[in-house]
Amino acid sequence: MTVADLTLARVVAAIRAGELSPVEVAEAVLERAARVQPRLQPFLWLDEERVREQARRLAQQPPRGVLHGVPVTLKDLVAERGAPWTCGSRLRAQVVAREDAEVTRRLREAGAVFVGRAHLHEFAFGVSNENPHFGPCRNPWDPGRSPGGSSGGSAVAVATGCAFGSVGTDTGGSVRIPAALCGVVGCKPTYGLVPGDGVFPLSPSLDHVGPLARTVEDVALLLEVLAGCPGRYAVAGSGLRGLRVGVPRGGLWEVLHPGVASCVHEALRTLEEDGARCEPVDFPWEAASAVATALLLVEAAALHVDSLRAHPDEYGRDVRERLLVGLGLPAERYARALRVRRVLARASRALWERVDVLATPTVPLPAPRLGEDRTQLAGGFHEIGSLLTRFTNPFNTLGLPAVSVPCGFADGLPVGLQLVGPPWEEARVLSAAWAYERARGTFPQPAAVKSSLGEEYA
Amino acid sequence: MTDEELRGWMQTALRFRGVEVDPHDLPVAQLRAVLQRLEALDVVDAWGEEELALPWERP
Chain A
1 MTVADLTLAR VVAAIRAGEL SPVEVAEAVL ERAARVQPRL QPFLWLDEER VREQARRLAQ
61 QPPRGVLHGV PVTLKDLVAE RGAPWTCGSR LRAQVVARED AEVTRRLREA GAVFVGRAHL
121 HEFAFGVSNE NPHFGPCRNP WDPGRSPGGS SGGSAVAVAT GCAFGSVGTD TGGSVRIPAA
181 LCGVVGCKPT YGLVPGDGVF PLSPSLDHVG PLARTVEDVA LLLEVLAGCP GRYAVAGSGL
241 RGLRVGVPRG GLWEVLHPGV ASCVHEALRT LEEDGARCEP VDFPWEAASA VATALLLVEA
301 AALHVDSLRA HPDEYGRDVR ERLLVGLGLP AERYARALRV RRVLARASRA LWERVDVLAT
361 PTVPLPAPRL GEDRTQLAGG FHEIGSLLTR FTNPFNTLGL PAVSVPCGFA DGLPVGLQLV
421 GPPWEEARVL SAAWAYERAR GTFPQPAAVK SSLGEEYA
Chain B
1 MTDEELRGWM QTALRFRGVE VDPHDLPVAQ LRAVLQRLEA LDVVDAWGEE ELALPWERP
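Chain order of the listed sequences is A and B. The numbers in the numbering used here rise by one with no breaks, and the one at position 235 of the first sequence is 235. The numbers in the numbering used here rise by one with no breaks, and the one at position 39 of the second sequence is 39.
With the rest of the complex left out, here is chain B:
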């Protein structure tokens, strides 16, 4: 995604939630950095796993 595409994505997401921000004030670089960091999620095989709370049970 280019910076402009990411800016457009972000602006749409914010507008959908009623948050208005000048497009030039959008933290596009920060969003890109976070998305890159989250690529670490994709190296873990989580197929079939459920989105539930932690499995620890109190003794």
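Extracted from the complex, chain A is given alone in its bound form:
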């Protein structure tokens, strides 16, 4: 195992103990990035000297924060002072951020080293990460497939050891979907827990900022820094004994890749063997998802209308079409979505009296092929974008904390288990995910990493 393959928590400990210096860690990550970037393109921009300069400066200082000398990457939607801030758009190809986003400031204060700018779907408005302006980011388990999005570069960078953690954004699943498709951990916290100042918006009433990393412990460490809550999410404890796990029943399970269904059922068995009790619950999927759809399309259109009017051809086709649909939706649909959201949020309180967490697949299928926009599943054809957000966007509607943790493989590609909790109960969700992760055992690294190192495919 090389330095780039260590977990974030292990690197934190090694730097603190003087076993590794920030410079050694930065060089390991840059060496890995040089091998991975030409093949998978996790970064839209990477200035190696800038990384070395940060690491050298930190190496001359005593540790000043929990992430002292630890390389992380930011989705190129999150402002980093002096670095490009394209948001994956040709319209912003020349924009350089003048200030740090609040989350960037907190990470910088904690001693993080920023590596490159992570690839994303144009303006974060899509989940394939196929970007017409900068080319696609590719899945490390199969470069012919999508890593998911919109925080695809973040997930790929973390999965391949080009960074020990990343900050993404999640408006309908954009942290959890790429985490699931790339075999890493992603967390969407409660709405409002992590500040969005300096993060380019997509749909302000659904936008969440959250971390991705290789383990639940690493994600918890990052979340503490992002939320400004030291020690609050430290994972430890009593395992899963007595945990009440709600498993939504109904038609949602009918449109599911059989390999994904098998992995998730196996994960539920693991939870039960470790002391949890699973029980079926009802959840208003269709309505919660419809709310997310209405709010997202209308709010994104409202944000982009002036720019769309002035530069319609500077948008990629898929994003332009979604914006046009948003402008064409009747206002009554938006107002009704807001009212329904209130009803669903209030009703969901009763659910948390019965169960401690919900468990679902994160996505209903493994990573789709690049260029594929429809797929056959359960005897019917489905639009992939809608499929991928099927289990995730209801929790953007409700603003609930949710974590995706790898739970196996379908067709040789990673599958994610999603755990969801009541508002502000990140600690409960992360502890459950951590206990599951321990019961599951070590999750392997993607084939592309092994290949880039000259080893055989996993």
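Be a bit skeptical, because a hint or two may be false.
[Stated by the list, open to error] Restraint ranges, calculated between C-beta atoms of paired labels, are given here: (1) A:Gly380 with B:Glu4: 26 to 32 Å; (2) A:Arg354 with B:Gly18: 47 to 53 Å; (3) B:Glu4 with A:Arg317: 20 to 26 Å.
[Unchecked claim] Under 8 Å between C-beta atoms, here's a sample of chain B residues computed to sit facing chain A: (4) Met1; (5) Trp9; (6) Gly18; (7) Val19; (8) Val21.
[What the hints assert, rightly or not] Output of the computed footprint for chain B on chain A, the stretches with three or more beta carbons under 8 Å from beta carbons of chain B: (9) 16 to 25; (10) 287 to 296; (11) 337 to 348.
Everything labelled a hint here was simulated from the structure, so no lab data went into it. Don't be surprised by glycine CBs; every beta carbon is placed ideally from N, CA and C.
Take the given structure of chain A and dock chain B to it, following the hints.
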């Protein structure tokens, strides 16, 4: 609504906001699909509910 009616609706809405698009490039099928998906909003009784932010209060 027919496709032509939906196209006309969409074109009017866009023109009102100053966005000019060739009528044949309008994503009419996508708008129809979204409107159908949003019918799920109509099965929830939201009468009298207010359009306010989420009710969660930070502890």
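Verification of the hints:
{"no.": "1", "hint": "A:Gly380 with B:Glu4: 26 to 32 Å", "verdict": "holds (28 Å)"}
{"no.": "2", "hint": "A:Arg354 with B:Gly18: 47 to 53 Å", "verdict": "holds (51 Å)"}
{"no.": "3", "hint": "B:Glu4 with A:Arg317: 20 to 26 Å", "verdict": "holds (23 Å)"}
{"no.": "4", "hint": "Met1", "verdict": "violated (11 Å)"}
{"no.": "5", "hint": "Trp9", "verdict": "holds (7 Å)"}
{"no.": "6", "hint": "Gly18", "verdict": "holds (5 Å)"}
{"no.": "7", "hint": "Val19", "verdict": "holds (5 Å)"}
{"no.": "8", "hint": "Val21", "verdict": "holds (7 Å)"}
{"no.": "9", "hint": "16 to 25", "verdict": "violated (count 0)"}
{"no.": "10", "hint": "287 to 296", "verdict": "holds (count 6)"}
{"no.": "11", "hint": "337 to 348", "verdict": "holds (count 10)"}
In the structure shown, a violation is registered for the earlier hints numbered 4, 9, in ascending order.
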